[in-house]
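Chains C and E, in that order, give the protein sequences. My numbering puts the first residue of the first sequence at 1, with every later residue one more than the last. My numbering puts the first residue of the second sequence at 1, with every later residue one more than the last.
Hints may contain errors.
The list cannot tell twin chains apart, which means a pair is met if one copy fits it or any two copies do.
Below, a list of computed lysine-lysine pairs in the DSSO-like style, where the Cα atoms sit at most 30 angstroms apart [said to hold, decoys possible]: (1) LYS115 / LYS198; (2) LYS16 / LYS265; (3) LYS265 / LYS12; (4) LYS72 / LYS298; (5) LYS198 / LYS72; (6) LYS298 / LYS115; (7) LYS298 / LYS12; (8) LYS265 / LYS72; (9) LYS16 / LYS115; (10) LYS12 / LYS115; (11) LYS265 / LYS115; (12) LYS265 / LYS298; (13) LYS16 / LYS198; (14) LYS298 / LYS16; (15) LYS198 / LYS298.
The set of hints was computed from the structure by calculation and includes no laboratory data. If you're wondering where the values come from, they're calculated on a predicted model, not measured in any experiment.
Listed below, chain by chain, are the residues.
2 protein chains.
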Amino acid sequence: MTRRGHGHLNWKAEIKAAASRITPYVQRTPVMQARGFGLEFPVGMKLEQMQHTGSFKPRGAFNTLLTQDIPKAGLVAASGGNHGAAVAYAARVLGHRARIYVPELAGPSKIALIKRLGADLVVVEGAYANAFTEAQAWEAASGAMQVHAYDAPATVAGQGTCLREWEEQGLEADTVLIAVGGGGLIAGALAWLAGRRKVVAVEPENAPTLARALQDGPETEVEVSGIAANALGARRIGRICYDLAQAQGVQPVLVSDAAIASAQKLLWQERRQLVEPAGAAALAALTSGAYQPAPGEKVAVLICGANTAPDPFE
Amino acid sequence: MTRRGHGHLNWKAEIKAAASRITPYVQRTPVMQARGFGLEFPVGMKLEQMQHTGSFKPRGAFNTLLTQDIPKAGLVAASGGNHGAAVAYAARVLGHRARIYVPELAGPSKIALIKRLGADLVVVEGAYANAFTEAQAWEAASGAMQVHAYDAPATVAGQGTCLREWEEQGLEADTVLIAVGGGGLIAGALAWLAGRRKVVAVEPENAPTLARALQDGPETEVEVSGIAANALGARRIGRICYDLAQAQGVQPVLVSDAAIASAQKLLWQERRQLVEPAGAAALAALTSGAYQPAPGEKVAVLICGANTAPDPFE
Numbered sequence: 001m002t003r004r005g006h007g008h009l010n011w012k013a014e015i016k017a018a019a020s021r022i023t024p025y026v027q028r029t030p031v032m033q034a035r036g037f038g039l040e041f042p043v044g045m046k047l048e049q050m051q052h053t054g055s056f057k058p059r060g061a062f063n064t065l066l067t068q069d070i071p072k073a074g075l076v077a078a079s080g081g082n083h084g085a086a087v088a089y090a091a092r093v094l095g096h097r098a099r100i101y102v103p104e105l106a107g108p109s110k111i112a113l114i115k116r117l118g119a120d121l122v123v124v125e126g127a128y129a130n131a132f133t134e135a136q137a138w139e140a141a142s143g144a145m146q147v148h149a150y151d152a153p154a155t156v157a158g159q160g161t162c163l164r165e166w167e168e169q170g171l172e173a174d175t176v177l178i179a180v181g182g183g184g185l186i187a188g189a190l191a192w193l194a195g196r197r198k199v200v201a202v203e204p205e206n207a208p209t210l211a212r213a214l215q216d217g218p219e220t221e222v223e224v225s226g227i228a229a230n231a232l233g234a235r236r237i238g239r240i241c242y243d244l245a246q247a248q249g250v251q252p253v254l255v256s257d258a259a260i261a262s263a264q265k266l267l268w269q270e271r272r273q274l275v276e277p278a279g280a281a282a283l284a285a286l287t288s289g290a291y292q293p294a295p296g297e298k299v300a301v302l303i304c305g306a307n308t309a310p311d312p313f314e
Numbered sequence: 001m002t003r004r005g006h007g008h009l010n011w012k013a014e015i016k017a018a019a020s021r022i023t024p025y026v027q028r029t030p031v032m033q034a035r036g037f038g039l040e041f042p043v044g045m046k047l048e049q050m051q052h053t054g055s056f057k058p059r060g061a062f063n064t065l066l067t068q069d070i071p072k073a074g075l076v077a078a079s080g081g082n083h084g085a086a087v088a089y090a091a092r093v094l095g096h097r098a099r100i101y102v103p104e105l106a107g108p109s110k111i112a113l114i115k116r117l118g119a120d121l122v123v124v125e126g127a128y129a130n131a132f133t134e135a136q137a138w139e140a141a142s143g144a145m146q147v148h149a150y151d152a153p154a155t156v157a158g159q160g161t162c163l164r165e166w167e168e169q170g171l172e173a174d175t176v177l178i179a180v181g182g183g184g185l186i187a188g189a190l191a192w193l194a195g196r197r198k199v200v201a202v203e204p205e206n207a208p209t210l211a212r213a214l215q216d217g218p219e220t221e222v223e224v225s226g227i228a229a230n231a232l233g234a235r236r237i238g239r240i241c242y243d244l245a246q247a248q249g250v251q252p253v254l255v256s257d258a259a260i261a262s263a264q265k266l267l268w269q270e271r272r273q274l275v276e277p278a279g280a281a282a283l284a285a286l287t288s289g290a291y292q293p294a295p296g297e298k299v300a301v302l303i304c305g306a307n308t309a310p311d312p313f314e
C-alpha cells in the first residue's frame with residue numbers, strides 16, 4: 001500500500017504529531033540501565049513490552065485509527081499475533097469493530113489474547129501470507145479498513161513515538177539495538193533518530209528478511225522459521241523500512257534461535273522480565289557477541305514484546 | 001538483636017550512607033506511572049522486583065555486609081527465600097561463604113534460586129521459626145555472622161535506599177503502599193519518608209502481623225498462612241518496624257489471598273510483569289478497594305518481589 005509516496009514525508013513532524021495524538025491511549029513505558037547478562041557494560045533498556053497488549057504495536061494502531069475515517073464495517077488486520085492484539089485493543093477503546101486474521105503459528109497465548117480483547121478472530125491454516133490474503137479478501141468484501149502491520153506511514157510514525165519517548169526519558173545510548181520483523185518499529189526508529197544515533201537491526205538467522213533485502217533488493221522474499229517467527233517472521237521487508245535502512249547504511253546483525261532463547265532466559269533470571277523470543281532478540285545480539293560495541297560505545301536495547309507461550313495465566 | 005538502641009539513629013543519614021555504600025552493587029530499578037487494573041487513576045510503580053535476585057532484599061544484605069567485619073566462617077541467614085537469596089548473592093559478590101536455612105514453604109523456585117547462587121542450603125521442615133532456630137544454632141556453633149532478614153538497623157537502612165532512589169527518580173505520590181512481612185522494607189520507607197508522604201502498610205489477611213502488633217503490643221505472635229506466606233509470613237513484626245509504625249500512626253490495610261491472586265494476574269495481563277504474590281499485595285489493596293484514595297490523592301505501589309512458583313525457566 002505504500003510502495004511509493006513516503007519519500008516526501010517530514011518524519012520528525014509526523015512522529016511528533018503521532019505522539020500528541022496517541023498519548024492519551026498508550027502507556028509511557030519505563031526505562032533503565034540494566035547490568036548483568038554476563039556483559040562488562042551496562043545496557044540501556046526500554047520495557048516497551050509493558051505497553052498495552054504486551055508489545056509496541058498499539059502505538060502504530062492508535063495513530064492509524066486516529067488519522068483515518070473508520071468505515072462502519074470496522075477494521076481488519078492480518079497478524080502473527082501482536083499487531084492483531086493491538087488493533088483489537090485500539091478498536092475496542094475507540095469503539096470500532098475489528099476482524100483479525102492470524103496464522104496458526106501465532107500460537108495459543110496470542111490467539112487467546114486477541115479473543116479476550118473482543119475482536120472477531122479468524123485462525124488461518126499455514127503461514128502469515130495466508131492470513132494476509134484472507135484479510136485482503138475480507139477488506140474487499142466488507143469495506144472494512146485494513147490496518148497494515150508495518151508498511152504504512154501512520155504505523156511507522158506511531159512506532160517512532162517509542163524512540164521519541166525514550167529520548168525524552170534521557171536515553172544515553174550511542175547505539176540502539178532493535179529486533180526486525182516487517183520493519184515498522186525500526187523504520188520508526190530510523191525515521192526519528194535519523195543518523196543522530198546508530199540503529200542496529202537485529203534479525204533471527206531463521207528470518208533474515210532485512211539483511212537479504214539489503215543484499216538482493218527490496219522485493220526479496222525470504223523463508224522464515226524459528227522461535228521468533230510469529231513476531232519477526234515477515235517474508236518481505238516493508239518498503240518504508242527498506243528505504244530508510246538503505247539510506248542510512250544499516251547493517252543487520254543475525255542471531256541464532258539458541259542465542260535468543262538464552263537471552264530470554266537471562267532476562268528472566270537476572271531481571272525478572274518474562275518476554276517472548278522477539279522481545280529478547282535485540283539483547284541476544286549483545287549476549288551472543290554478534291554485536292560487539294566499540295570501547296566506550298553506549299548501547300541500549302528495546303524490549304519489544306512479552307506475549308510468551310505458554311501464557312503463565314492461561 | 002535490636003530490641004533497643006535504634007531510637008537514637010539518624011535514619012536519613014544512615015540511609016544516605018547506605019546508598020553510597022551499596023550503589024556499586026545494586027540495580028537502580030525502573031519506575032513508571034501505570035494505568036489500568038480497572039482503576040480510574042494512575043498508579044506510580046517502582047519495579048523493585050527487577051533488583052538482583054528478584055526482590056529488594058539485596059539492598060539490606062549489601063549494607064549489612066559492607067558495614068561489618070565478616071568472620072572466616074562467613075554468613076548465616078534464615079529466610080522464607082528472598083532474604084536468603086539476597087544474602088547468598090551478596091556473599092558471592094563480596095567473596096564470603098554463606099549458609100542459608102529455609103523452611104520447606106520457601107518452595108522449589110526460591111530453593112533452586114539459592115542453590116544457583118552457590119550458597120550452602122539447608123531446607124528445614126516446618127515453618128520459618130524452625131529455620132531461624134537452626135540458623136541460630138549454626139551461628140553459635142560456627143562463629144558465622146547472622147544477617148537478620150528485617151530487624152536490624154543496617155538491614156532497614158539498606159531497604160530505605162529504595163525509597164530514596166524512588167524520590168530521586170521523581171516519585172509523585174502522596175501515598176506509597178508497601179507490603180509488610182517482617183517489616184524491614186516498610187521500616188526503611190517510614191524512616192526515609194518520615195511523615196513527608198503517607199505510607200500504607202498492606203498485609204495479607206492470613207498474615208496480619210503488623211496490624212495485630214499495633215493492636216495488641218509489639219511481642220504479639222500471629223499465625224500465618226496463605227499464598228504470600230513465604231515472603232510476608234513473619235510471625236512477629238520487627239521491633240524497628242513496630243516503633244516507626246506506631247510513632248507515625250500507620251494503619252495497616254488487609255487484603256485477601258483472592259485479592260492478591262487477582263492483582264498478580266492483572267500485573268501480568270495488563271503490564272506483563274510476572275511477580276510473586278507478595279509482589280502484588282500492595283496493588284491488591286487498590287484493586288480490591290481495601291484502600292481507597294481520596295479524590296486527587298496520588299498513589300504509588302512498590303513491586304517488591306518476583307520469585308514466582310513455578311519458575312518459568314526451571
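* **Intra/inter-copy verdict for LYS72 and LYS298 if alpha-carbon distance must be at most 30 angstroms** => This pair counts as neither: shortest intra-copy Cα distance 48 angstroms, inter-copy 40 angstroms.
* **Copy assignment of LYS265 with LYS72, given that the CA separation must stay at most 30 angstroms** => neither (44 angstroms within a copy, 35 angstroms between copies)
* Asked: Is it within, between, both, or neither for LYS298 and LYS115, if the alpha carbons may be no more than 30 angstroms apart?
  -> neither (41 angstroms within a copy, 34 angstroms between copies)
* Asked: When no copy is specified for LYS16 and LYS198, does a C-alpha distance of 30 angstroms or less occur within a copy, between copies, both, or neither?
  -> within (20 angstroms within a copy, 38 angstroms between copies)
* **Alpha-carbon proximity between LYS198 and LYS72, which holds within one copy, between copies, both or neither at 30 angstroms** => Neither way: LYS198 and LYS72 sit 43 angstroms apart in one copy and 49 angstroms across, limit 30 angstroms.
* Asked: For LYS198 vs LYS298, is the C-alpha pair at or below 30 angstroms within one copy, between two copies, both, or neither?
  -> Within one copy only: 10 angstroms inside, 39 angstroms across.
* Asked: From the Cα coordinates, with 30 angstroms as the cut-off, is the pair LYS298 and LYS12 best called within, between, both, or neither?
  -> within (24 angstroms within a copy, 34 angstroms between copies)
* To do: Check LYS265 against LYS12 for me: Cα-Cα at most 30 angstroms, and say if that holds within a copy, between copies, both or neither.
  => neither (36 angstroms within a copy, 38 angstroms between copies)
* Between LYS115 and LYS198, at a C-alpha cutoff of 30 angstroms, which is it: within one copy, between copies, both, or neither? -> Intra 38 angstroms, inter 41 angstroms, cutoff 30 angstroms: neither.
* **Same-copy or cross-copy closeness of LYS298 to LYS16 [CA-CA at most 30 angstroms]** => both (26 angstroms within a copy, 29 angstroms between copies)
* Give the relationship of LYS12 and LYS115 under a CA distance limit of 30 angstroms: within one copy only, between copies only, both, or neither. => neither (35 angstroms within a copy, 51 angstroms between copies)
* Asked: Can you tell me if LYS265 and LYS298 fall within 30 angstroms by alpha carbon in one copy, between copies, both or neither?
  -> within (23 angstroms within a copy, 36 angstroms between copies)
Checked against the numbered hints above, the structure breaks hints 1, 2, 3, 4, 5, 6, 8, 9, 10 and satisfies the rest.
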